[in-house]
Structures are given as C-alpha cells and as structure tokens.
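Trainee: Whenever a hint applies, use it, and build me the whole structure from the sequences.
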Amino acid sequence: MEMFILSGTLGILGKLRYSFSYQMATIRFINLIRAFAMYLVFDICLGCMLFEFIETSVVSLHIILIGEFISYGLIPYLWFLYAEEILDTRKFKNGLIPKLYTALLLVYCGLVVTSFITGSIYSLDVDKNIIFGHYSVMIIRCLMALFLGTTTIFGIINLATSKSQELMKKSVRVIGFVIPIVFTWYIYLKYDIPDCIPLSIFIAIFFSFLTLEDPMSFVDELTGLYNRKKMVTLYNERKISYRKDRLNTVYYIDANDFKEINDTYGHLEGDKVLRIMAKAFKKIDEVYHTVSIRVGGDEFVILACADNLLGVDFKELIRREIQETAKEDGCDYYIATSIGSAILYGDAENSFEICLANADNAMYNDKSMIKKDSKYLAG
Numbered sequence: 000m001e002m003f004i005l006s007g008t009l010g011i012l013g014k015l016r017y018s019f020s021y022q023m024a025t026i027r028f029i030n031l032i033r034a035f036a037m038y039l040v041f042d043i044c045l046g047c048m049l050f051e052f053i054e055t056s057v058v059s060l061h062i063i064l065i066g067e068f069i070s071y072g073l074i075p076y077l078w079f080l081y082a083e084e085i086l087d088t089r090k091f092k093n094g095l096i097p098k099l100y101t102a103l104l105l106v107y108c109g110l111v112v113t114s115f116i117t118g119s120i121y122s123l124d125v126d127k128n129i130i131f132g133h134y135s136v137m138i139i140r141c142l143m144a145l146f147l148g149t150t151t152i153f154g155i156i157n158l159a160t161s162k163s164q165e166l167m168k169k170s171v172r173v174i175g176f177v178i179p180i181v182f183t184w185y186i187y188l189k190y191d192i193p194d195c196i197p198l199s200i201f202i203a204i205f206f207s208f209l210t211l212e213d214p215m216s217f218v219d220e221l222t223g224l225y226n227r228k229k230m231v232t233l234y235n236e237r238k239i240s241y242r243k244d245r246l247n248t249v250y251y252i253d254a255n256d257f258k259e260i261n262d263t264y265g266h267l268e269g270d271k272v273l274r275i276m277a278k279a280f281k282k283i284d285e286v287y288h289t290v291s292i293r294v295g296g297d298e299f300v301i302l303a304c305a306d307n308l309l310g311v312d313f314k315e316l317i318r319r320e321i322q323e324t325a326k327e328d329g330c331d332y333y334i335a336t337s338i339g340s341a342i343l344y345g346d347a348e349n350s351f352e353i354c355l356a357n358a359d360n361a362m363y364n365d366k367s368m369i370k371k372d373s374k375y376l377a378g
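Reading the sequence shown from the start, the letters are residues 0 to 378 in numbering that gives the first Met the number 0.
No lab work stands behind these hints, which were simulated from the structure alone. The C-beta atom is built at its ideal place from N, Cα and C for all residues, glycine as well. A hint or two may mislead.
[To be verified] Listed below are the simulated SDA-like cross-link pairs for lysine to any residue, each with C-alpha atoms no more than 20 angstroms apart in a straight line:
(1) 258 - 298
(2) 127 - 47
(3) 326 - 339
(4) 98 - 141
(5) 366 - 338
(6) 278 - 245
(7) 189 - 136
(8) 189 - 137
(9) 282 - 311
(10) 282 - 25
(11) 162 - 66
(12) 228 - 45
(13) 229 - 258
(14) 314 - 334
(15) 98 - 118
(16) 258 - 274
(17) 314 - 364
[What the hints assert, rightly or not] Beta-carbon label-pair distances, calculated as ranges:
(18) 190 - 347: 52 to 58 angstroms
(19) 62 - 262: 55 to 61 angstroms
(20) 105 - 319: 32 to 38 angstroms
(21) 370 - 332: 17 to 23 angstroms
Mentor: Right, dumping it as structure tokens:
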C-alpha cells in the first residue's frame, strides 16, 4: 500500500512542478509533498530492515530512524508554512509565531539527531530493537497538535472574518486538511493500526491538491510567470497591502526597443527575450520573496515587501540579473529595460490602482531619461 501511496505522491509532485514554478505558496506545497515522499521512503526502508528483506547495520538503521522521526515534525510544520502563506495572517503581527515554530522544530530535530547518544526520542538495544524514549510519543503528538491546530485556527478565523470568496475557499481547504489526520490518529490510538497514518496524510494532501485553483488560469503560458488575474487575486486576498509585512512595493518593468528586436530578429527572438526576463525574475523571486507578473506584451510587474529589500539597489539588481541570465542563455545583445517603482499607501479601494499607475508613470519617465541620455551621447 505504501508503494502505491508513494507513486501517487510523486505523481502529484510532478503535476505541480509542471504547472507552477518558483511561486512562493507552491514552493511550500511542493516541499510538503517532498517531505511526505521522504517519510514514505524512510518508512518503506525501515519495514524492509525490520523484516530482514535488506541487510541492516546499526548506522543505516540510525539514519533511517532519524529521517523518519524528523519527517513526523517536518510534515505538519511545512503545512503550517503553506497555510500561513495562502491565508490572511496579518492579525498575528511581526511573524512571531513562524519564528517560534521554526525554533521548536529545530530543537526537536536536535533531539532526534542526538538520540543515538541520549535516547531522548529513540534508542536501539543490542539486538537492534527500537525503543521509544519516555516522552517521544508525547513530543511528536504535541508538535503535530501545535502545527496543525494553529493552521486550523488560522483557517477558522479567516473563514469567519473574510469577505473574499477565494480566501474562504482556501480556509475550507486548510480546515479540511486536518480532518482525515485527526480521524486516523483516533483509529491508531484506539485500535493500534499504524498503517493508516501515511494513508491519512496522503488523503489530506490529495484533498488539498484537488481544491487548488486551476493553475494554468493564473499562469502566463509563454513565460511561466503569474498573469494579471493572479495579481487581482493577491490584492483581494490582502497579500498586496500597505502593511509592512505585505507586498507593498510595485516595480513596473518594460523592455526597451522591444519592437525593434521583433522587427530585426523576428518574433521568436522576441519571445526568447521575454523568457529570459521571466527566468531572471524567477531567480529574484526565490531570493527576495517577490512575486513576478507578466502584465502583457513586454511589460512586467514585480511585487515586493520593502523590508526584504533594505540596503538593496533593486532596480540595478533587476537589470544585472537580466544580463547575467541573457549571457547564460547565449543572447549576444544587451536587453535594456526601463523600471519605475511606487509604494502602496493607505487602504482605500483604489489605492493599488493608484500605486500601479504611479509605478507605470515612473517607468515611462525612466524610459524618457534613457532616450535623452542616448541622444546626448550620440550628439
């Protein structure tokens, strides 16, 4: 059964990697599925060792046990991170809860890794039998209850207070994730059937996968970036907001002389330029937790949290990343860009539209300055 679940899990992972790329919430969901796949691999290997299907050494048994026990804490933690990303958690200020939970997970991992010495989570006797620590079961239950319980509370609060349909759907997904896991743990505790635990987690992940938005409706086909529709959704979900921990800064980017590239080299080369720019933006998204969007044509928007860019000349970084990516992809001409930026102020209904317009105007001012400088140098 576990091999069947593993193949299904890898299928979901493959589908997600094809549909989405380099977007923050999806990276977290993919990491969750990876952690679950790793848990299944460790569990299958442990079963083979215990039934002596494969040769067992003390070192290999320790490695498998460490991997499995870390997975027990990692899976609910990654689900918590994913739920925090897709829900509106601004009511919980300063990101204190994620920092606290990260610290708790690191402490737990430290206990697991040192268990071969301390026996705090597990130990092995002389016959290689596994002995659980006095508090190991309680620690694992508390971690799962904490991570899954917090995400469920987030979901209930969002469901009760949100006016956004998209956010309400995601709240139901978060609440629904925990139901098969809680039910299965009840069966496990009452009837001692451990085989149902991986099945319950798989059902929870599969339910979440089925309730995801249609990925391609939010993704630009040519570049793989988000499209304008996703930008509207992010605003409705209050991911774009004037608050300091939100996407509160807009960078509007346009490829200079893009028409000339199309006319001189052809539209296929123009498409290549757009893909190079998108590839550069995806790299930036991974490092600075930004969200890149193709607005249309050769125009792009990067949404950023200003606090993540402190001390960074972000416009220069964008230009440099585009040129480095162009060089990697064998592009033998300079891809010039005009960039404008604006900060979102206030919570009025049209505040984001005003911010976009300001960034767009700043971009055209930058384009005008570049053209003036070019004429001055040419003269």
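Trainee: Quick check: does the Cβ-Cβ distance between residue 62 and residue 262 fall within 55 to 61 angstroms?
Mentor: This hint holds: roughly 60 angstroms between Cβ atoms.
Trainee: Regarding the pair residue 314 and residue 334, is the alpha-carbon distance no greater than 20 angstroms?
Mentor: holds (14 angstroms)
Trainee: Within a Cα-Cα threshold of 20 angstroms, do residue 98 and residue 141 meet the stated pairing?
Mentor: This hinted pair holds, its Cα atoms lying about 17 angstroms apart.
Trainee: Could you say whether the range 32 to 38 angstroms given as a hint is met by the Cβ separation of residue 105 and residue 319?
Mentor: Since residue 105 and residue 319 have Cβ atoms about 34 angstroms apart, the given range 32 to 38 angstroms holds.
Trainee: Please verify whether residue 258 and residue 298 have alpha carbons no more than 20 angstroms apart.
Mentor: holds (12 angstroms)
Trainee: Residue 228 and residue 45: Cα distance at most 20 angstroms?
Mentor: Status violated; Cα separation ~46 angstroms.
Trainee: Does residue 189 pair with residue 137 here, judged by a C-alpha cut-off of 20 angstroms?
Mentor: holds (16 angstroms)
Trainee: Would you mind confirming whether the straight-line C-alpha gap from residue 98 to residue 118 stays at or under 20 angstroms?
Mentor: violated (27 angstroms)
Trainee: Quick one, are residue 127 and residue 47 close enough, alpha carbons at most 20 angstroms?
Mentor: holds (14 angstroms)
Trainee: Holds or violated: residue 282 and residue 25, Cα atoms, limit 20 angstroms.
Mentor: holds (15 angstroms)
Trainee: Does the structure keep residue 314 and residue 364 at a Cα separation of 20 angstroms or less?
Mentor: holds (14 angstroms)
Trainee: I want to verify a distance hint. Is the separation of the beta carbons of residue 190 and residue 347 within 52 to 58 angstroms?
Mentor: holds (57 angstroms)
Going through the hint list in order, the structure does not satisfy hints 3, 6, 11, 12, 13, 15.
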